[in-house]
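Heads up: the protein sequence lines correspond to chains U and C, in order.
End of the first sequence = 545 in my numbering, gap-free, step of one.
End of the second sequence = 545 in my numbering, gap-free, step of one.
To be clear, the hints were calculated from the coordinates, so they are not data collected in a lab.
Just so we're clear, the structure is a prediction, and the values are computed from it rather than from any experiment.
Treat the hints with caution; some may be incorrect.
Because identical chains cannot be distinguished in the list, a pair is counted as satisfied if it fits within a single copy or across any two copies.
16 Å max Cα-Cα, derived EDC-like pairs, lysine to aspartate or glutamate [to be verified]:
#, residue 1, residue 2
1, K530, D404
2, K528, E414
3, K503, E524
4, K86, D460
5, K530, D406
6, K479, E350
7, K479, D460
8, K344, E106
9, K86, D313
Each chain, letter by letter, is given below.
2 protein chains.
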Amino acid sequence: MTRINRREMLKIGSACSLAALATATASLAEAPKAEDNHAPVPRWEVFELALTGPSSGNPFTDVQLAATFTLEHRTVKVDGFYDGAGVYKIRFMPDTEGEWTYATSSTAPALSGKTGAFTCIAALGGAHGPVGVCNTQHFAYADGTPFFPFGTTCYAWVNQTEAVQQETLRTLAAAPFTKIRMCVFPKSYEYNHNEPALYPFERNAEGESDFTRLNPAYFAHIEDCIAELRKMNIEADLILFHPYDRWGYASMPAADDDRYLRYVLARMSAYRNIWWSLANEWDFMKAKSRQDFDRFFHIVEQNDPVSHLRSIHYGNTMYDYALPWVTHASLQTAKFDSAPEWLEAWRKPICFDEVQYEGNLNSQWGNLSGPEMARRFWLGVIAGCYVTHGETFLDPDLPLSALNENSTPVIWWSHGGKLHGSSPERIGFLRKLVEETAFTAGKDAKRTGLDAQVEHDYLNAWTLDSTGTKKQEGFYYFDLHEPIFYEFPLPEGKFTAEYVDPWEMTMSPIPGIFEGKTKLKLTGRPYQALRFRRVE
Amino acid sequence: MTRINRREMLKIGSACSLAALATATASLAEAPKAEDNHAPVPRWEVFELALTGPSSGNPFTDVQLAATFTLEHRTVKVDGFYDGAGVYKIRFMPDTEGEWTYATSSTAPALSGKTGAFTCIAALGGAHGPVGVCNTQHFAYADGTPFFPFGTTCYAWVNQTEAVQQETLRTLAAAPFTKIRMCVFPKSYEYNHNEPALYPFERNAEGESDFTRLNPAYFAHIEDCIAELRKMNIEADLILFHPYDRWGYASMPAADDDRYLRYVLARMSAYRNIWWSLANEWDFMKAKSRQDFDRFFHIVEQNDPVSHLRSIHYGNTMYDYALPWVTHASLQTAKFDSAPEWLEAWRKPICFDEVQYEGNLNSQWGNLSGPEMARRFWLGVIAGCYVTHGETFLDPDLPLSALNENSTPVIWWSHGGKLHGSSPERIGFLRKLVEETAFTAGKDAKRTGLDAQVEHDYLNAWTLDSTGTKKQEGFYYFDLHEPIFYEFPLPEGKFTAEYVDPWEMTMSPIPGIFEGKTKLKLTGRPYQALRFRRVE
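Take the sequences, apply the hints, and build the full model.
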């Protein structure tokens with residue numbers, strides 16, 4: 010890998026001299042206009058400053074704009090971006106309550122030396138800040154609230170019809186998912202042949218893109234989508250590059266890649282519910298090398314003032330998730346039994362982001378049964394990791410001739426729309442269990458999330474106390490095994506026990522308080538679980 | 010490994026000089042007594058000669074006895090054995106019709122120089138000879154009839170009560186199994202705490218064994234069991250050593266091991282339905298080394314005139330199945346996706362002889378669901394290999410206190426008795442399909458058995474023509490995938506197609522004759538299969 014671009018970024022940073030405080034106009038809808046004093050901004054919401062500047066030439070390449078935001082001793086630098094029609098914007102997500110001031114700097118005099126101030130007030134109800142890594146292999150919001158990724162996948166939902174997008178949002182509102190994998194660029198693939206309503210770059214009459222001129226409306230639309238997800242507390246796992254392309258976005262020159270990336274970072278970093286996924290199936294992008302993705306990681310590290318989570322997803326060949334600029338692993342595999350060695354090697358959270366999809370497609374990656382998808386969630390969670398859902402149903406009543414890869418049906422995995430499968434309800438049940446267990450343990454233990462215990466006969470995972478050794482609450486998952494009894498080697502202490510049926514979504518308490526070697530009669534049915542909760 | 014014992018055997022063999030023809034008494038029940046001319050013996054049945062000899066001292070160590078059987082230009086040497094009460098026996102399975110003569114040689118003058126003759130006549134109906142390897146990775150009887158191992162496991166059935174043994178035989182008569190894994194020595198293990206009715210060696214009042222004195226009645230009983238299996242055309246996969254022992258049989262001195270082994274070979278090789286399994290879980294036998302098992306293989310190679318199939322089963326560490334004295338692999342794993350590389354490396358048939366058991370035991374090796382066991386048979390067969398069943402059900406209505414490893418319930422996997430599971434019926438269905446497909450193909454193709462095709466989206470296996478390249482009849486198995494349609498890349502030629510439901514055991518022909526790329530609508534349910542049969 011090369012560190013050249015990291016150094017380049019540092020040079021650019023130091024070249025931006027701090028300007029004196031001056032007036033600016035904030036575009037926050039609710040903000041009363043004031044020369045240099047804006048409306049208060051709740052913690053982790055977006056402060057946006059709109060400035061008028063040059064619209065001639067190519068503002069995307071000609072104009073540099075940045076601002077520093079200062080709270081007491083602390084200063085944060087953020088890049089601005091051109092939003093079209095002569096308007097430049099700077100967005101900033103304040104992470105601390107108090108009096109913030111800012112000052113702009115720019116190669117364009119009209120944009121430089123603007124200053125102002127705003128007060129960051131308490132967070133809105135339900136806002137917990139951006140998600141970060143917590144307890145090595147788990148996640149939490151900035152305010153310490155545990156976050157459990159129970160993700161889904163709608164790669165190209167932002168590029169479907171308005172009606173489908175609205176349906177997707179309605180579906181998500183009723184679904185159990187806390188994270189969604191979605192692409193910035195439109196998608197060209199089997200069952201994905203429609204043209205997007207907007208394009209990310211300006212195009213001439215022949216449909217040729219000018220990669221030096223971004224289309225602000227395209228990105229503004231994606232931001233609207235991200236803001237809708239934010240309302241629902243869904244993290245947008247935003248895929249910055251992907252190979253499934255017929256417009257040239259997967260094979261732009263490096264300078265255009267980097268400019269696009271900085272543009273997205275400048276526009277979107279202030280949305281607290283973003284995770285950066287550098288690519289989907291990076292190794293299938295023939296025009297890119299491993300070194301290109303290393304460089305992209307460095308650009309993201311340097312230009313995201315919020316330090317959102319960063320990862321990258323592969324097709325066949327893993328990226329090296331041990332590298333320090335990767336915050337968590339984003340896997341395409343269902344090899345859950347490899348999780349212990351990966352957790353040990355990487356010391357990071359692991360998201361099994363593509364474990365194949367529930368559905369009935371002709372391709373084997375897209376036709377798992379609902380029970381199998383639900384099972385994979387249990388296997389991932391009980392391995393101390395996280396899993397992402399996807400769904401790929403074709404209408405089974407279609408005639409054979411209509412069942413073909415050149416059609417463009419509405420399939421959740423790419424387009425969004427409606428869910429048809431049986432796994433989401435069970436995924437929601439598991440999410441509820443994990444949240445209950447982890448939050449309860451969290452109060453005493455300060456360690457949220459389930460850590461897999463690998464030395465036992467059957468899969469089991471526990472929340473641990475603050476020393477990381479004392480087990481608090483845990484699940485056994487018997488997977489395809491159907492014992493009629495088992496002697497559980499409980500940790501020291503006393504526990505309650507409950508039968509859990511992951512498919513029927515039932516909990517049945519077992520009378521008594523248990524300690525030591527605990528022999529229990531079990532159901533003799535497969536795919537069952539047990540929960541133990543410490544009472545003493 | 011050492012070849013010392015192989016050389017020793019050769020020395021012993023050359024020391025046995027051919028004696029002149031003389032009279033002997035055959036003990037075949039139906040044989041009319043004649044001085045030197047015995048009743049005819051059907052091909053692949055047992056010719057047995059009983060001789061009276063010394064009973065003083067230790068006949069097992071003091072007396073050497075062998076005979077040569079000659080048909081025209083061919084001579085076969087077989088060892089005799091002491092059967093107690095002064096009676097010595099020689100057994101021989103003639104594999105060719107015609108006039109056989111024999112001559113004995115012995116260190117005991119009373120046993121030496123006995124000669125005689127018998128006619129080997131046509132095989133009895135249903136007798137096809139011993140099973141051997143055919144077409145690299147498949148099996149066939151000596152007469153060329155394909156043999157498909159659909160095995161089961163009753164490790165210690167010969168050491169249960171007479172009533173349970175009879176029940177086992179009745180169960181096997183109605184079950185689909187063509188091979189049974191069974192131990193020579195009694196078994197001491199979880200749920201196996203009973204004493205056998207007979208012991209393989211003489212014991213003193215304190216229960217100490219004299220490993221130099223075998224108990225003929227013990228082995229005669231096992232032979233009765235093997236003969237009962239032979240009536241049902243079930244192959245006895247006879248396990249010669251195993252680690253689960255409290256009598257000392259797993260840790261005898263090498264000389265006693267070797268004497269025991271030669272004794273079994275002399276007594277039992279003439280039973281056409283034997284396969285030799287050198288050990289169960291050889292690597293768990295702490296008193297034995299890899300070299301010991303190499304030596305055992307050489308003893309078997311040198312002392313089995315029938316050259317029955319030879320393999321060995323492991324716990325964690327595989328024996329090297331590439332070694333030339335191993336005829337096929339006997340695996341303990343469910344890693345069916347490793348089959349292609351193993352088939353390529355070993356160029357031998359593979360039996361997945363322990364893929365865990367259908368049941369409800371507390372241990373995870375013993376509590377698969379019926380559908381999972383049936384699925385594993387499909388995965389093994391579609392990988393071009395063979396699979397062995399086992400069943401481990403505890404009565405689910407027992408109280409918790411009675412569910413414990415120190416009890417001795419009757420469990421099929423070890424004791425025999427009755428079957429309770431749902432997989433055997435489905436295994437029988439698969440067996441029928443494989444036999445139909447392979448026998449039909451066999452007529453034209455001279456290649457029986459399914460060979461896996463590894464380059465396709467979905468698991469599929471085909472019978473091939475005599476060149477090993479032209480596909481004749483085949484199965485697709487979709488496992489957990491549930492496509493609603495698929496375009497099958499059929500081989501050149503024309504085919505019929507049928508939906509196969511492996512669990513419901515139904516076949517549904519799809520109207521039409523298909524060729525080339527064939528798009529078919531499928532059920533959208535998991536664990537389904539398709540069969541294609543060549544019509545042109």
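Okay, the hints, checked on the actual structure:
1. K530 / D404: between (43 Å within a copy, 12 Å between copies)
2. K528 / E414: For K528 and E414, only the inter-copy Cα distance (12 Å) is at most 16 Å; the intra-copy one is 53 Å.
3. K503 / E524: within (5 Å within a copy, 66 Å between copies)
4. K86 / D460: neither (37 Å within a copy, 64 Å between copies)
5. K530 / D406: Between. Shortest inter-copy distance 10 Å satisfies the 16 Å Cα cut-off; intra-copy 44 Å does not.
6. K479 / E350: For K479 and E350, neither the intra-copy (21 Å) nor the inter-copy (44 Å) Cα distance is at most 16 Å.
7. K479 / D460: within (11 Å within a copy, 52 Å between copies)
8. K344 / E106: neither (44 Å within a copy, 56 Å between copies)
9. K86 / D313: So K86 and D313 pass the 16 Å test inside one copy only (9 Å; across, 84 Å).
Hint check: violations occur at hints 4, 6, 8; the rest are consistent with the structure.
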